[in-house]
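Engineer: Chain by chain, the residues:
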Amino acid sequence: MNAMGFAWRSLVRQPARASLGVLGVAAVGALLFDMLLLSQGLVISMRDLLERTGFDLRVTATDALPGQGPLIPNAVERTQAISQLSSVRSAIALRFANAFVLAGGPRGVYTTFQGVAGTGAAHPWTILRGRDVTAGRPEIVINENTATRTRLAAGSRVMLRASCAGQKQALPPVPFIVSGIAQFPFDSPSGTTIATSLQMLATACGGNETNEADVIMVASQERAGPAVAVSDVAALLPDLHVLSNAEAVNRFERGGFTYFRQISTVLTAVTLSFAVLLITVLLTVSINQRLGEIAALRALGFSRWRVVADVFCESVLIVGGGGLLSLPVGALLAIGLDHILKRIPGIPADVHFFVFQPSALQVHLALLSATAIVAALYPIRIVARLPIAATLRDEVVG
Amino acid sequence: MSTTNGHIVEARNISRIFPMPAGPVTAVADVSLEILPGDHIAIRGPSGCGKSTLLHMLGCVEAPTAGTLLFRGDDVTQLSDRQRSLLRLRQIGFVFQRFFLLPMLTAAENIELPQSEANVPKAERRQRTHELLEYVGLAARAAHRPSELSGGEMQRVAIARAVANKPGLLLADEPTGELDRATGEQIASLLDRVNADGTALVIVTHDPALAERSTKILSMRDGRIESESTSA
Amino acid sequence: MWVRCLLALIGAALIASATVQADDTLPSVLISRQLSEGERLSVGDVIRLSASEDGSNVQQFRIAGIYEPTPDPARLGAVIREVQLHLPDLLSLTREPSAPSGSEYVQTINVALVDPNDADAFSRDVRARMPGIDAQPATGAAESTGPFIVLRRFHLAIAIVTIVASTVFLLALTIMLVDERRAAVGVLRLIGLPIHRILLQLFLEGLLIAVVGSAFGLALSLLSEGIINRFFQWRYDTALVFVRVTPQVAAVCVAIAIPLGVSATVVASWALLRRNGLRLARR
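Protein chains in written order, with my numbering: chain A, 1 to 398; chain B, 399 to 630; chain C, 631 to 913.
This is chain A alone, in the form it adopts within the complex (with noise of 0.2 Å):
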């Protein structure tokens, strides 16, 4: 019987105890799992979200996120000169505002407002019913909210009343038509978003700024990629700041996402060392309890290493087993805990915090297998130092 063998009946001679064991393992190998997801995830969704748009970089008027800093002047004459740059594929000019939608309530639907203006690209929304606005057209674009709370459809009329930064009165509503229902990328579960072209969004905060963006969104040509695009754009117009999606998700990550990273290796380590200590204080009674049969088969002629080995399997067994169960459960676990977390308001509803990642898989089974190894020190270095005549004596005596 080779010393997997011999661990394995070890085992089951007490199933209640190895069954324990493994739970155990399995509980602690969920969370750890899911840490390991964590400390990812976000970021990773956060830079398949940004890819899915479409464009790779995004033009600003200082180093703060779109929407946060100044507007761009002169938007629509850069975005044109931007997309005639032979390593830029398209590119669009974005502004953010608030709006309220008079409809569906007596204050209306306090919604985000959009305007993008650019020839030959994609807008940053997918069309779901009806149909796209067109520029310079007093049209508008809902999403799936919106037009649940405001009852609105495509082809409904509607007085939209704009709330744009820096406006220092109070705007009159404007009449829009309802051209389609989009969804767009970055709205959350419940978020309420609207979409017009950036003519229309000017005449809606006043028509004083029409020539402005908060955001400049560029799509790199494929054969140039991003980082060729980024010099280019940064040599045509140097007052302005160039990001590509990589380093905007390296300031996320340096920021708010910081924190579920510090959690993640936090509760990485403390699960770590519950599965060392919990597995060592099994391997170690059991084996404090049968020292006398380990002695016997020491005298009959096993050798240290033999006995060693036979310890090792046990503590790979119960790591092994509670760890191939920890996958299930930890998914069915991080399907839980990410369902919780999506609850943060402003979170897009594409991102996740939890995403397999095959080297989350992998360290998984290096932190499990090393647990298994340290784990095993202690018990390992009683049998490897186990005196077998007084042992012997002792179970006599005992």
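Because the hints were derived from the structure by calculation, they are not lab data. Remember, predicted model here, so these are calculated numbers, not experimental data. Note that CB positions come from ideal geometry on N, CA and C, so glycine has one too. Since no wrong hints were added, every one of them can be taken at face value.
Negatives, chain A to chain C, calculated, CB over 12 Å:
hint, residue
1, Arg-137
2, Ala-154
3, Gly-155
4, Arg-304
Computed from the model, here is a short list of chain B residues facing chain A with C-beta under 8 Å:
hint, residue
5, Ser-450
6, Leu-487
7, Arg-488
8, Phe-498
Given chain A's structure and the hints, the job is docking chains B and C onto it.
Structural biologist: This is chains B and C only, laid out in the frame that chain A set:
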């Protein structure tokens, strides 16, 4: 290269001293003896006289503090732990007072275990195990675990396990210590049979009836062999 | 010669006096500690501020003090480079030259009430009287803010998983500990002690272990509270408190730990005591 003059074990002035906080304790002092193939030796004496310690030294479980101990001509004290383990696995068998069968294995698996460790091929060890179970009269209990066996049956399995690798020497430490008289008698007869089949046997016991079955009786007191007698 | 020296001294004093008076006329600002450390600024320094990137409309200010920014979890990891100005100074700095004075606006007005308990009523009154204005009581803002509620739920979920794992661990341990005493328990059963008598003893032992363990756990949590807070305050250069063991938290933990510990002992013991005493006593 070792030389042997036919002795299985040759002990010359071996001693075993245990360092204790209150002062060293001499468990075995200056003992010399020889074990030849086929010997049937009993070591008897009062509790604490060092008989088990002497047995452990003869079985290469414990090294002497002083003196020379040769096993088939090899100086045991010069062997590594691994070499001593191999020696015990292939050439020495142990029977304990408390049996020390592995409770999670069946009787057959307990007997197979040392053979498996000695890399005996599967078919061969299965055959040998079956033979040994027949030999000890427990062929029908092969699939039973120790918890399902009586004390005498467990000791018979232990004896079968001890001779599984056909050792030249069998050491038994109080083999009937936890058994009643009748069962002890059965075990004693089985051990006699093992000896008669060619295995040298050394038994530690304080049971006079068991000792009388040996051809040579060594009486120990205070770590020394006080007297040596042969039975008729 | 001594006349020339005297005149030079008087001139220097006048210049120094003029400088001090010029500093005194400058508007004062407060800067954050992080800005002070990053730019090596100290109290009394004169700085120039501009609201535009091209440096137009520059104005001079004197640093009157350095403050520690209010810890803001939403800005964790950010280096808080802040300047606090008097509102007229800020408006003067940020006003467009063409905009008439008095057309400025603010985002928020903080109100301190004579009686804080009037906050809800006051908020309702303001909202009713001034449409378009939103008034909210400040107390409970942290509780009602979405991210904190979500994070609390997240931490609660993690805590539940940890408790489940701890329970499994505890059960495994108590089963082993009780099993070690099976022979003694078997003998007690054989000599006639009833099950409930032995169970009571084991229950009391479990209770003692649970109480001592809980006390030790609390001590450990208080120790780690200090370590974790110090580490993360150093790591993020913030005064935020990350972990706080309140009496309520401690009470909840103890209320969970002690019954769990006792229950695990009783469950493990009951599983053992159900067996035959002879089987227990036999090794």
